[in-house]
Each structure stands twice: as structure tokens, then as C-alpha cells.
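**Q** Sequence:
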Amino acid sequence: MADDRPGDKARAAQPARMQRVWYWQPKKFYAFMALQGIFVALITAGISSTLASAQLALILCSAEVLTAVFLSVALSPVLMLRPDLVRIWHGFKFVNIGTREVAGIGMLCTRSDVGSGRGGNDIHWRLWIWRDDGTGERTSYLYVPRGLQFSLRYPSKYDPLAAGEIPGLNASRPATVARDLQQRLLAAQGADGPLATRHLEQHSRSLRLDRYQRVLAYWSPNGQMGRR
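Under the numbering used here, the first residue of the sequence shown carries the number 15, and numbering increases by one thereafter.
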């Protein structure tokens, strides 16, 4: 089983020789999970040591660390590309899309006007994959613009297509994955395939969005962007 991590200069796989490709979470995901497990383990051990024996505290601490390791491994794959399908993980569940069915790959910038802890707004880019029937499937790859990552309240007139926002978006992990995935699928489908001819990321409306979420803009792996 090949562990072929994506890169901007990766060679496109030929249809007959396409290998299985895993697209993982960024390294900071593993660091966060490890720190979270250690933090919870230390709190549990401290409480247990005051209420029971040191042996029980050690057992509980070990269990918390093992749980964090298990979750980080179980939730780490985001996408997998096989010769016959693209597999999208949603936690412990997954959705399959046939490689010949993919008709769009790209990111959508969405804004949710209620329900967020940041003053009632939430703005981010998410990587989506579209089937040839027009339906889109979200992935777990997100990009939050640097200026909004630690903001207590998002600006009311934020422009996702501003010139200053584009370099960070193009260099993000979701963009790198999208370019690599599209390169491989274009090689598999050929020039007449749905991915090369339909570009559903630019106009498809068949999306499962949250109730108060709306689409602001799209980004295509070829660099094309626009408002929706």
C-alpha cells in the first residue's frame, strides 16, 4: 500500500498505474490531539490521586493517553484515492464517489450568520468534491484566513476574493490537496471526462449546507475564482 502524499509538483498517475493515495490531516492536528490527551490525562490523574490510590491515577492517565492516540489515528485520514473511487471520511464514517463520477473539485467560502461563538458569524473555506449528477460532498479540509483565526467578531463586509487573501488561500493545505487530486483524476478520466468539461465547483447549487450558511465565493484548482 503506497503512502503517496500530495504535492504541487507530483506527477499525474496514469490510469493503468494509479496507486492508492492517502490524504492526511496536517501535522498540527496530531499535535493538538496529543496535547489535548496529555492535558486531560494530567487533570484526571490529579483528581484521582486526591480521591484514590496512585495506582488508580496511573491507570486512568494511561487510558486517557491511549484514547487520544486511538482517536488521532482513527480520524487522521481525510481522503483516499483508489483507481475506482474517492473515499471521503466523516469521522468514523465515509462516503465513496467513483473516479469516473467526479465532475468538480474546489473550495467554497461560506458564511454562517448565526450559531457561532464569534459574535454570530463564521467564515471559512472548505474543500468540496462534486458528482456528475450535480451533488456536492464536503470534506474535512478547512482553511480559515489568517486575519480571522483569532478574531472575536468577523467583519461584516469581509471580501474572500481580495488580493491580499489569495496567496494564503493558494498555499493552504486544502488547495494543495485539491490540485493534486484533480491532477490525478484528470489523468484517469481523460480530456473528455466530467472533471475536465463540467467544473461543477463553479456553479453547482446542490449542496448540503447548514441552515444559516450561505456561499460567498468559489476557488478552482486551476486558480480560477469567483463569486456565487
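Where hints are given, some of them may not hold.
As the list claims (entries may be wrong) - Quick list of the computed label-pair ranges, beta carbon to beta carbon:
#1 Leu-223 <-> Pro-97: 27 to 33 Å
#2 Gly-112 <-> Gly-182: 17 to 23 Å
#3 Arg-242 <-> Val-158: 16 to 22 Å
Think of the hints as simulated: they come from the structure by calculation, not from any bench. Backbone N, C-alpha and C fix where the C-beta goes; we use that ideal spot for every residue, glycine too.
**Q** Compare the structure with each hint and give your call.
**A** Cross-check of the supplied hints:
1. Leu-223 <-> Pro-97: 27 to 33 Å: holds, 31 Å
2. Gly-112 <-> Gly-182: 17 to 23 Å: Violated: the Cβ-Cβ distance is about 33 Å, outside 17 to 23 Å.
3. Arg-242 <-> Val-158: 16 to 22 Å: Because 19 Å falls inside the window, the suggested range holds.
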